[in-house]
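2 protein chains.
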Amino acid sequence: MTPPDRIYTAALVIIGDEILSGRTQDANLAYLAKWLNVQGIRLREARVVPDIEAEIVEAVNACRARHDYVFTTGGIGPTHDDITIDAIAKAFGVPVIVHPEAEAMLRAYYGDALTDARLRMARVPEGAELVPNALSAAPGIRIKNVYILAGVPGVARAMLHALDGRLEGGRPVLSRTIGAKVGESTVADLLAATEAAHPGVQVGSYPFWRGGEPNANFVIRSTDPQAMNLAAEAILKGLAEMGLDPVDGEI
Amino acid sequence: MTPPDRIYTAALVIIGDEILSGRTQDANLAYLAKWLNVQGIRLREARVVPDIEAEIVEAVNACRARHDYVFTTGGIGPTHDDITIDAIAKAFGVPVIVHPEAEAMLRAYYGDALTDARLRMARVPEGAELVPNALSAAPGIRIKNVYILAGVPGVARAMLHALDGRLEGGRPVLSRTIGAKVGESTVADLLAATEAAHPGVQVGSYPFWRGGEPNANFVIRSTDPQAMNLAAEAILKGLAEMGLDPVDGEI
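Chains as they are written, first to last, in our numbering: chain A, 1356 to 1606; chain B, 1356 to 1606.
Hints in this document: simulated from the structure, not taken from any laboratory.
Nothing here was measured: the structure is a model prediction, and the numbers come from that model.
There may be inaccurate statements among the hints.
No copy is singled out in the list; a pair is fine if it fits within one copy or between any two copies.
[What the hints assert, rightly or not] Derived SDA-like pairs: lysine to any residue, alpha-carbon spacing no greater than 20 angstroms straight-line:
1) Lys1592 - Ala1517
2) Lys1445 - Arg1419
3) Lys1389 - Gly1377
4) Lys1592 - Tyr1465
5) Lys1389 - Pro1405
6) Lys1499 - Tyr1386
7) Lys1499 - Arg1378
8) Lys1499 - Ile1606
9) Lys1389 - Ala1459
10) Lys1536 - Gly1395
11) Lys1445 - Val1602
12) Lys1499 - Ala1382
13) Lys1499 - Arg1526
14) Lys1536 - Met1460
If we strip away everything but chain A, and leave its shape as in the complex, we get (with noise of 0.2 angstroms):
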């Protein structure tokens, strides 16, 4: 059984003004590009936009309508900045709702300390589900193809793997590195020729220092292993024979 050629696509909605301010550095973009690949989906943009709604609106539906998959981080805590779901709930035109399987989850946790701004954290656009996670009562949601998970990294990627093998998916990029004690622009002509030479291969190139020498690190990357390998067979061939030590993985 051969599998789906079709590429399935996902964008990440950072929610947050404390991540345009500076203050977080986010940690969720590159673990969810990484998770998402293994269920064979392409995180193919990312948008960071401030706690105002009417953004939140704007960013989720340019990028609803464009992938596959969407994913938010944050803003569904329960103080008055958290407004993510009211956000969503208007671009998709439905009201908030109190879902009483998130308030049955909320009570249990926090019993007689169940507060209206602790309640806050079962409201969802209505027709939404809960992606519930291990790590807190406060679970994320899914409307359509909207995923709404928390900020909190940890969080986050406990509800992520209550998705584990769940979203429809393609074929997974694979990936391969070779590194060189050498300026990119030395070997910019090999790799050019290199990904022309092979259809269905990107060859990226991401130079560094080290000890005041130049270094790079060449990844190859395709859906087809096989195309994948040639590419890269080709580059470490070329690389020896431009008189180069190349290492087979990253430097």
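Using the hints, position chain B against chain A.
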């Protein structure tokens, strides 16, 4: 003299498959955000796009119409996957030319080793000027309100520092942080009431767990130091009245 009340905004377009694949963690957004704030400019949105020309064009055009400044990072090196210059030239509807000054800088640096690949780094959209940097021979580029920076964080920072104090901005956003050993849901009403009572002040709540106990930092932001401090004092007082022992600073 009263500083201008006009709010200056900026967007960041992060260009690169390596960010969207999760291979590389972006390290420019938070730095740019803080640097911009010193210049009196607010980072209002960010987008991460792949190495696909049409998507770079669309993101840059959307952002430059909406903001005073746009910064891009990534894709200005010498290899085939560096397509930022071509994409931004297309966004502006101008051809790509070799900038004589950039060529001279590269020629001085590389001498006889100035290959065609390296000369790619002297290509600019017609009408652009250079943003030199102290760290490398390849300059950043400005065309109208778009600043094209390197993706490598050290080089991007060197380019920003060449722009220190040169961009027109308004009043920087000031911030003050109050920490407390409390779950944010317990104090949600206090935070909402304080923000509502202090126009021009935003109150953010950033919860975390430490040693199995809930903690939170509350960040009070305003361009008006007096308004910020009044709101901060109200939160300190409110937390103390709830029997908490707040810290005037981040915990």
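Given identical chains, is Lys1445 near Arg1419, meaning Cα to Cα at most 20 angstroms, within a copy, between copies, both, or neither? within (14 angstroms within a copy, 26 angstroms between copies)
20 angstroms Cα cut-off: does Lys1592 pair with Ala1517 within a copy, between copies, both or neither? Classified as neither: same-chain Cα gap 44 angstroms, cross-chain 41 angstroms, threshold 20 angstroms.
With identical chains, the pair Lys1389 and Ala1459 could be close in the same copy or across copies; at 20 angstroms between alpha carbons, which is it: within, between, both, or neither? neither (33 angstroms within a copy, 42 angstroms between copies)
Between the shortest in-copy and the shortest cross-copy C-alpha distance, which are at most 20 angstroms for Lys1592 and Tyr1465: within, between, both, or neither? Neither. Shortest intra-copy (63 angstroms) and inter-copy (26 angstroms) distances fail the 20 angstroms Cα cut-off.
How would you classify Lys1536 and Met1460 at a CA-CA limit of 20 angstroms: within, between, both, or neither? neither (55 angstroms within a copy, 24 angstroms between copies)
Homo-oligomer pair classification [Gly1377, Lys1389; C-alpha up to 20 angstroms]: Result: close only across copies, 6 angstroms inter versus 24 angstroms intra.
Within a copy, between copies, both or neither: which one fits Lys1389 and Pro1405 at a CA-CA cutoff of 20 angstroms? between (25 angstroms within a copy, 15 angstroms between copies)
Could you figure out if Lys1499 and Ile1606 sit no more than 20 angstroms apart (CA to CA) within one copy, between two copies, both or neither? neither (42 angstroms within a copy, 39 angstroms between copies)
Given a CA cutoff of 20 angstroms, do Lys1499 and Tyr1386 count as a within-copy pair, a between-copy pair, both, or neither? neither (22 angstroms within a copy, 35 angstroms between copies)
Up to 20 angstroms between alpha-carbons, please classify Lys1445 paired with Val1602: within, between, both or neither. Result: close neither inside a copy nor across copies, 52 angstroms intra and 37 angstroms inter.
Could you place Lys1499 and Arg1378 in one of the four classes (within, between, both, neither) given a Cα distance threshold of 20 angstroms? For Lys1499 and Arg1378, the Cα distance exceeds 20 angstroms both inside one copy (32 angstroms) and across copies (29 angstroms).
Indicate which option fits the pair Lys1536, Gly1395 if close means a Cα-Cα distance not exceeding 20 angstroms: within, between, both or neither. neither (33 angstroms within a copy, 41 angstroms between copies)
The structure fails to meet hints 1, 4, 6, 7, 8, 9, 10, 11, 12, 13, 14 from the earlier list, while all remaining hints are met.
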